[in-house]
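Could you put together the complete structure from these sequences and hints?
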Amino acid sequence: MTTPGPRSPRLFGLLGVAVLGLTAYVVVGSYNQTFVPVVRAEVIADRAGLQLDRRADVTLYGVTVGDVRAVEAVDGRAVIRIAIDREYADAVPADVSARIIAPTVFGAKFVDLVPPAAPAADAIEDGAVIHARTVGTETNSVFDSVMALLTTVQPARLEATLGAVAAALRGHGSRLGEFLSDLNTYLTRFTPTLPAVAQDLRTLPEVAGTYADVVPDVLRIADDTTALSQTVQDEEAGLHALLLSLVRVSDDGRALLADQGRRLVDLLDTMRPTTQLLAYYAPSFPCMFATVNTLRVASTEAVGGQYNGIHGVVTFLPGQQGYQKGLDDPVVGADGPPRCYPALVAYGPHYTFDDGTTTPDFNRTTTEVVSPLELARMLLGPAVVPYVGGGR
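Read in full-length UniProt numbering, the sequence shown has 104 at position 104, and its numbers run on one by one without any break.
If you're looking for bench data, these hints aren't it; they were derived computationally from the structure.
There may be inaccurate statements among the hints.
What the hints assert, rightly or not - Label-pair distances were calculated between CB atoms; the ranges are:
(1) Gly177 with Ser250: 54 to 62 Å
(2) Ala168 with Asp95: 49 to 57 Å
(3) Ser145 with Pro103: 17 to 25 Å
Glycine included, every Cβ here is placed at the ideal spot set by N, Cα and C.
Listed below in structure tokens is the structure:
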């Protein structure tokens, strides 16, 4: 049997200390979740408050998915370093935001991860930066604000003020209720117009710029108005005489209308058929005046010039047939709509009007030889050259 050397107890002691240290390291590491795989991220907030401690929970949909590892102040902002368990990291979207809230008024705060309405498909990764959009108000902050308010506002004066307000409102509750109801109705009607008001406020700088551009013109108009006012003041006597003349003219006009008003009404009533007829044919007036002007130009060329007399082409047309009963009865009140005929040209067409007469055949041609008397009858008509011996 081998006897242990003198150094064996010391070696066992060192081994015991090492085992104890290793055990302590494992226990502390287990408590700090050092050996748990996590995804580390940072939450940036304006403030974290006094009730957000290290080891505070990090939740998602009410489920604890990690914890807070450290809270630091960097560049005037709070940087909260969190660790999310690897098994829950895939459920946290990359575009998640955070809220730093407390479950109760006096409870410790925790970090609540809030996914957006349409979360991203990618999961959060190690080193991600999350922005906090809400930080709950702490009780001590409320107390600090109340203490500052009470220090500034003296309680005695506050009591007197509240007593005066209560005395003023006593007996006027119904009127106050009506006022609040009317105010609610007004705000209900005003709320839908807020987008338009916001748009007007956005365009206000542009409008102000436009007004700034026209300020010189406005000042110039003001100067001109000053000069005009001075002119009116200088011509005060003339304006006074003009106003007196207008008064006399109005008196004369009133007397004229009182004496001849009925006759003027009758005159206008008598002119109504004529004006209605002119209104009916009004569309043809521009064409008529243009045609008359064309005829004037043509007449100027045909009459005068370097030769005396009329210059033109004269043709003979067959004479109108004599009156035929039943065919040439006159038409009384014949109506023709307003129309516009084309410009005059040489050898223009013949236009027929509804006056009751039979339209002659101007295209009639013949090669028969006629006597001079028959030719005269054809040209002048049987009314001028009658038939002799009971002929046609």
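Status of the hints after comparison with the structure:
no., hint, verdict
1, Gly177 with Ser250: 54 to 62 Å, "holds, 59 Å"
2, Ala168 with Asp95: 49 to 57 Å, "holds, 53 Å"
3, Ser145 with Pro103: 17 to 25 Å, "holds, 22 Å"
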